[in-house]
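Peer 1: Keeping their order, the protein sequence lines are chains A and B.
For the first sequence, the numbering used here begins at 1460 and goes up steadily by one.
For the second sequence, the numbering used here begins at 41 and goes up steadily by one.
Just so you know, not all the hints are guaranteed correct.
[What the hints assert, rightly or not] Among the chain A residues that face chain B by a calculated CB cut under 10 angstroms, a handful are:
#1 Lys1511
#2 Ser1516
#3 Thr1521
#4 Lys1557
#5 Tyr1558
#6 Ser1562
#7 Gly1564
#8 Leu1621
#9 Asp1623
#10 Ile1649
#11 Lys1651
#12 Arg1653
#13 Ala1758
[Said to hold, decoys possible] Facing chain B, according to a computed beta carbon distance under 8 angstroms, are these residues of chain A, among others:
#14 Tyr1483
#15 Thr1525
#16 Met1561
Source of the hints: derived by calculation from the structure; they are not laboratory data.
Note that CB positions come from ideal geometry on N, CA and C, so glycine has one too.
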Amino acid sequence: MAQTFIEILRRALDEEMARDAAVYLLGEDVAEGGAFGVTKGLAAKHGATRVKNTPISEAAITGMATGAALCGLKPILEIMFIDFATLALDCLVNQAAKYRYMSGGQLAVPMVVRTQSGAAGGAAAQHSQSLESWFIHVPGLVVVAPSSPMEAYGLLKSAIRLGDPVLFIEHKRLYAMKEDFVDSAELPTIGKARVAREGSDVTIIAYSAMVRTALEAAETLAGRGISAEVIDLRTLLPLDMATISASVSKTHRAIVAHEAVMSGGVGAEIAARIADELFDELDAPVKRVGCPFVPIPFAPELEKALLPNALSIVQAAQELVR
Amino acid sequence: MIKTSGALTPRSHFYWITLVQSSAKPADWKTLLAQLWRIRLFEGHVQRLAAGGEVPGFPHLSTGQEAVAVGVCAHLTQNDVVFTGHRGHGHSLAKGCNLTATMAEILGRDTGLCRGRGGSMHLVDAGCGMLGATGVVAGNLPLAAGAAWAAQARQTGAISVVFFGDGATGAGVFHETLNLAGLWKLPLLLVCENNGYAEFTSRAEHSDVAKVSAFAAPYSIPSATIDGNDLIAVHQSAASAIEHVRRGDGPYLLECMTVRLAGHYVGDQQQYRSKEELAEALKKCPIERLKSYLLSQGVTDDELMAIADQIKQEVQRDVDAARAAAAPDPASFAEGVYASPLLAAGC
Ligand SMILES: Cc1ncc(C[n+]2csc(CCOP(=O)(O)OP(=O)(O)O)c2C)c(N)n1
Ligand SMILES: [Mg+2]
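Kindly produce the complete structure, drawing on both the sequences and the hints.
Peer 2: So, in structure tokens, the structure goes:
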């Protein structure tokens, strides 16, 4: 039976809590299920000591999760909106990311920070951002951005077992997405991208909710005689350049599509790497599709006008394949 | 009742109480005096080596504040964990870090505690429960609370101790941590070393809250303000604070009034402090005070000299060993960012 992104995430959390007694959940409202209901029922099942509501203290709870991770727990912290990760930056950037390195390998921070990002439904400028590129600038962090319920299931489990601090970014537009739950013994390897659709004319590199948009665009492009390959990055830090390279060496054209603003974004990083490593393979410049450099507006008409969609990707592809 | 000589006038209410209540004997105090000396001498070496250009970065010395580190850590077991900040050499040594490896780290050597990746402000020795120093003022407070939470959750019986300065109380995360620690009744001892300064700015310019311990009550955390330059006072107050924390009664905030006898960092000319103020500060030296007390208790000058000589030799030997160690292999700089080589390769 098809289950939503939220239900499948909950299943992953539930199974990992059952599998490993060191896994603890904390965050605002998590014992009540959290703002989006992801952790619903887990406190009743695994006990109130393992699913802890916290005060609205993003800095301290991120620090506490880090400190607990140094001392034998595997905390999963929920930061309700990535916009509020601003308040947790010191700990994520200065403490959690650097503990392994600064301690000469004596200590590690096996922690997952689950957070939620992206624009939808008039959440406006402080509850809609895509801030992932800030974090890919920090050695020691791992940044994961799943594109579907089953992707989220496997990636969350792998993240929990990884042993280094992971920022796990869920897109709010994906929460209602449904998929059949498929049991599989194999979990994805953090750091490996996946080819979501094969093609030969152009590579569309995407992640999170934009993978679905890219697949839609690929379908439209197929109808217009353009064969697009879609790469789902899965992890933004590290970047799987091997998968990107194999694809671009085949299609000779690349588009990076994300919802975040283009300036200083993940697309800028990937475009630079393709230019560095694959210049001779390119038949056209690397294109980026992303939000214009504007805060996310409130009014639905404005929000819709701003967000990149399948058509934006189709147009970019048609410009490249002429 | 312990008699005080003329040279040893009780400086505070606490002084009397501690002497009267303490079960420790002069022999124990001698051991702790040796630890004070060890830290003082160690940091003397840091200062000299820094002046000679041998220490990268900008080390901060705890000279004058050693009694807090020694008096608190004397009660900790190896399972208890300690977090400190930028002024953490003393806490590290008092918690049991190997002196040679600590100095080697401060010198940036491969044999250092953190293989030269951390330095003076990031000393870690997981084996002895020294879980880390941080260079971000107040950043250590929630880490220590998290360690306390882990101890509580795993029922290890360990406690977590965090040392921080008076300046840290200006940070929001200090208050967030107090709230959480009080609420969750965490086994956390918060030790504030109130030296009256945050860098070059006096406490009066930082806050209208006269006592740091006053921050504790609204969060239902018991607290005390004590003379942090009186080793016996620190030892005694820490004993009861730690007893409270270990019993599972929640956190405790111990504010230790102290003085920094050196600059904020090595090389600080201290133009913001008057000569008179510095002269006054010297009179509060915790080592001199403990020595006077011991002499009043019948310990002889010769005995103390012998201890000092022995410590001096040991510290010199260990510092020499650290200086003789090799620098890290430059080609190794990328090692140890991630557990998985796949991740390291992909960044
Ligand atoms: C968040 C942060 N802001 C500023 C600094 C620069 N800084 C280093 S030490 C210090 C003063 C800290 O004062 P206090 O906490 O009283 O400790 P003390 O130096 O007196 O031991 C400052 C401002 C810092 N390291 N971290
Ligand atoms: Mg201070």
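Peer 1: With a cut-off of 10 angstroms, does the beta carbon of aspartate 1623(A) approach a beta carbon of chain B closely enough for the hint to hold?
Peer 2: 5 angstroms, holds
Peer 1: Does the closest beta carbon of chain B sit nearer than 10 angstroms to the beta carbon of lysine 1511(A)?
Peer 2: Nearest chain B Cβ about 8 angstroms off; hint holds.
Peer 1: Under 10 angstroms is the threshold here; is the Cβ of lysine 1651(A) close enough to any Cβ of chain B for the hint to stand?
Peer 2: 8 angstroms, holds
Peer 1: Hey, does the arginine 1653(A) contact hint survive, CB to chain B under 10 angstroms?
Peer 2: Violated - the Cβ of arginine 1653(A) stays beyond 10 angstroms from chain B, reaching only about 14 angstroms at its closest.
Peer 1: Can the hint on lysine 1557(A) be confirmed by a CB-to-CB distance to chain B that is less than 10 angstroms?
Peer 2: 8 angstroms, holds
Peer 1: Does the closest beta carbon of chain B sit nearer than 8 angstroms to the beta carbon of tyrosine 1483(A)?
Peer 2: 7 angstroms, holds
Peer 1: Given threonine 1521(A) was flagged as interface, is its beta-carbon under 10 angstroms from a beta-carbon of chain B?
Peer 2: It holds, given that the least Cβ distance between threonine 1521(A) and chain B is near 7 angstroms, below 10 angstroms.
Peer 1: Taking 10 angstroms as the limit, does the beta-carbon of tyrosine 1558(A) come near enough to a beta-carbon in chain B?
Peer 2: Since the shortest Cβ distance to chain B is 7 angstroms, the answer is holds.
Peer 1: Would the hint on threonine 1525(A) stand, with a C-beta cut-off of 8 angstroms toward chain B?
Peer 2: 6 angstroms, holds
Peer 1: Does the nearest C-beta of chain B fall within a distance shorter than 8 angstroms of the C-beta of methionine 1561(A)?
Peer 2: 4 angstroms, holds
Peer 1: Regarding the hint that leucine 1621(A) lies at the interface with chain B, is the smallest CB-CB distance below 10 angstroms?
Peer 2: Holds. Min distance 7 angstroms.
Peer 1: Does the CB of glycine 1564(A) sit less than 10 angstroms away from some CB of chain B?
Peer 2: At about 4 angstroms, which falls below the 10 angstroms cut-off, the nearest Cβ of chain B leaves the hint on glycine 1564(A) intact, so it holds.
Comparing the model with each earlier hint shows violations of hints 12, 13; every other hint is respected.
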